[in-house]
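Student: Chains A and B, in that order, are what the protein sequence lines are. Under this note's numbering, the first residue of the first sequence carries the number 1, and numbering increases by one thereafter. Under this note's numbering, the first residue of the second sequence carries the number 1, and numbering increases by one thereafter.
For the record, the hints were derived by calculation from the structure and aren't laboratory data. Some hints could be false.
Among the chain A residues that face chain B by a calculated CB cut under 7 angstroms, a handful are [unchecked claim]:
#1 I30
#2 P45
#3 R109
#4 A111
#5 E190
#6 S259
Some chain A residues flagged as far from chain B (calculated, every beta-carbon gap over 10 angstroms) [said to hold, decoys possible]:
#7 K114
#8 S145
#9 S191
#10 S226
From a predicted model like this one, the values you see are computed outputs, not experimental measurements. Ideal placement from N, C-alpha and C gives every residue a C-beta, glycine not left out.
Protein chains: 2
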Amino acid sequence: MSAQDHAAPTPAFFLAGGTGISAETLGNMILQQFPGVRFVRQKIPFITSVDSAREAVAMVDATKTDEITPLVFSTVADEEIRAELMQTKCAFIDLFGSQLDEVERVLHREAAHKGGSAHAVRNQTEYDSRMKAVEYAIEHDDGASLRAIDKAEVILLAPSRCGKTPTTMYLALQHSIFVANYPLVDEDFESARLPRPIAPYADKCFGIVSTAARLSQVRGERRPGSKYASQAQCLYELRRAESMFRTHKIPFINSSAMSIEEMAAVIMQTRKLNRVH
Amino acid sequence: MSAQDHAAPTPAFFLAGGTGISAETLGNMILQQFPGVRFVRQKIPFITSVDSAREAVAMVDATKTDEITPLVFSTVADEEIRAELMQTKCAFIDLFGSQLDEVERVLHREAAHKGGSAHAVRNQTEYDSRMKAVEYAIEHDDGASLRAIDKAEVILLAPSRCGKTPTTMYLALQHSIFVANYPLVDEDFESARLPRPIAPYADKCFGIVSTAARLSQVRGERRPGSKYASQAQCLYELRRAESMFRTHKIPFINSSAMSIEEMAAVIMQTRKLNRVH
Numbered sequence: 001m002s003a004q005d006h007a008a009p010t011p012a013f014f015l016a017g018g019t020g021i022s023a024e025t026l027g028n029m030i031l032q033q034f035p036g037v038r039f040v041r042q043k044i045p046f047i048t049s050v051d052s053a054r055e056a057v058a059m060v061d062a063t064k065t066d067e068i069t070p071l072v073f074s075t076v077a078d079e080e081i082r083a084e085l086m087q088t089k090c091a092f093i094d095l096f097g098s099q100l101d102e103v104e105r106v107l108h109r110e111a112a113h114k115g116g117s118a119h120a121v122r123n124q125t126e127y128d129s130r131m132k133a134v135e136y137a138i139e140h141d142d143g144a145s146l147r148a149i150d151k152a153e154v155i156l157l158a159p160s161r162c163g164k165t166p167t168t169m170y171l172a173l174q175h176s177i178f179v180a181n182y183p184l185v186d187e188d189f190e191s192a193r194l195p196r197p198i199a200p201y202a203d204k205c206f207g208i209v210s211t212a213a214r215l216s217q218v219r220g221e222r223r224p225g226s227k228y229a230s231q232a233q234c235l236y237e238l239r240r241a242e243s244m245f246r247t248h249k250i251p252f253i254n255s256s257a258m259s260i261e262e263m264a265a266v267i268m269q270t271r272k273l274n275r276v277h
Numbered sequence: 001m002s003a004q005d006h007a008a009p010t011p012a013f014f015l016a017g018g019t020g021i022s023a024e025t026l027g028n029m030i031l032q033q034f035p036g037v038r039f040v041r042q043k044i045p046f047i048t049s050v051d052s053a054r055e056a057v058a059m060v061d062a063t064k065t066d067e068i069t070p071l072v073f074s075t076v077a078d079e080e081i082r083a084e085l086m087q088t089k090c091a092f093i094d095l096f097g098s099q100l101d102e103v104e105r106v107l108h109r110e111a112a113h114k115g116g117s118a119h120a121v122r123n124q125t126e127y128d129s130r131m132k133a134v135e136y137a138i139e140h141d142d143g144a145s146l147r148a149i150d151k152a153e154v155i156l157l158a159p160s161r162c163g164k165t166p167t168t169m170y171l172a173l174q175h176s177i178f179v180a181n182y183p184l185v186d187e188d189f190e191s192a193r194l195p196r197p198i199a200p201y202a203d204k205c206f207g208i209v210s211t212a213a214r215l216s217q218v219r220g221e222r223r224p225g226s227k228y229a230s231q232a233q234c235l236y237e238l239r240r241a242e243s244m245f246r247t248h249k250i251p252f253i254n255s256s257a258m259s260i261e262e263m264a265a266v267i268m269q270t271r272k273l274n275r276v277h
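Sequences are here, hints too, so could you generate the full structure?
Tutor: Have a look at this one:
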């Protein structure tokens, strides 16, 4: 039996000079590779001085015991601060330094080794375009408005509660894409025609479906015991939606087994919206 | 003069078994350390088979020239697929494998080496809570509704166009936090009192300000030449807002030099919303 098999969970820290988003994401990907081990996670963002590095080290070292060595994932780029962090008695997993050396060799250049964040404001234009995309998404959510529907880069179509709204917000917020979304309702299912306001924009449409079981469960939370939430109604709507998508050659995905990030990535790939930035 | 100093930009690829979000984020953090080098970036997500790995290798290798070695950042975890990717003639920067070995040593465990994504659905509960938070945010955006204002975990307060809405959506979407936001308008500035509907929830409030120059510019895009967009009006509102925040001990940030991610990270840290997950 190894030391780390003990009942107590292993502390895992995510240290960063910025928001800690990258440290947490990549650290968690690594932790996922150890499904048998329990972890308690904590993020320590904005480590921008040697002093705050010293504080962070004191904090993580306080969790070390004879049995358990905590894991410290770091994306800190500043060399002086990194050197301070490496004083930790825990296991220091540098998500940045080792790769940086490799890239230096390939590029025949020295890295700046400056602190920084993947999530700092890079330029005002980028910020403005995110803001505009989010505002567009809110205005054009759930068919609430068609004012600037012609400006949409993607129009998400789906029966109620299949995940249109979060996917829309994600594409707007993370990728500054102008996304409208439009609900498919009973009257749309009477024919295989696209809803009239959307019909001119079939080439921008993207469908979302789900499974009847899942959709019925989600709808049931909102209106328990209703026809709207019944498996039969959900199955009917999903079949009609799918047939509409096929008729009009509208690509579609099933949201029941995908995360919002995955749906967004598929939509962008399919609609060729992977912008260079 | 080194090979990579040539005029043509260096191709940088982000390869992943999932969405490619982590590969792109961390890869870009590394590229940021080389401000003098021009890059063209491309993401290749969803590499989930040896065949798709082979295709990816063909694609990246096609961009290699005698002068320029492209950079290939990868977060692919599956060993067989990784082995295939390593056949590339480009520089392969493994954002996963080397750190995994280190963690294996610390934990005295073997990693599962299974493909996976930081952004796949982990459980339905997490997905549902994101959906609910996004719906809450849309309903309570810009003071549009006060229906469930008592359920808010954070209430963002700011003069118009300081960045309340995107920050709200980010907190909801990425962290499943119930966030309402409320605009401060002229009548709120007549006294230092909090707006009446918000007053009972001062301990949940968080303020956003900006600089007069920046705010005037943003407002000018919407209503050019208006009093609303004038520097004088912006300055007045920002000063009054700041004084209101100070009076009620409401923490606040200046959005003009921060990204949405940074604002979200500060708000969560200040309001102690860094949940364990």
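Student: Evaluate each hint against the coordinates.
Tutor: Against the structure, the hints:
no. : hint : in the structure
1   : I30  : 6 angstroms, holds
2   : P45  : 5 angstroms, holds
3   : R109 : 6 angstroms, holds
4   : A111 : 4 angstroms, holds
5   : E190 : 28 angstroms, violated
6   : S259 : 4 angstroms, holds
7   : K114 : 7 angstroms, violated
8   : S145 : 13 angstroms, holds
9   : S191 : 30 angstroms, holds
10  : S226 : 18 angstroms, holds
Hints 5 and 7 from the list above are not met by this structure, while the remaining hints are.
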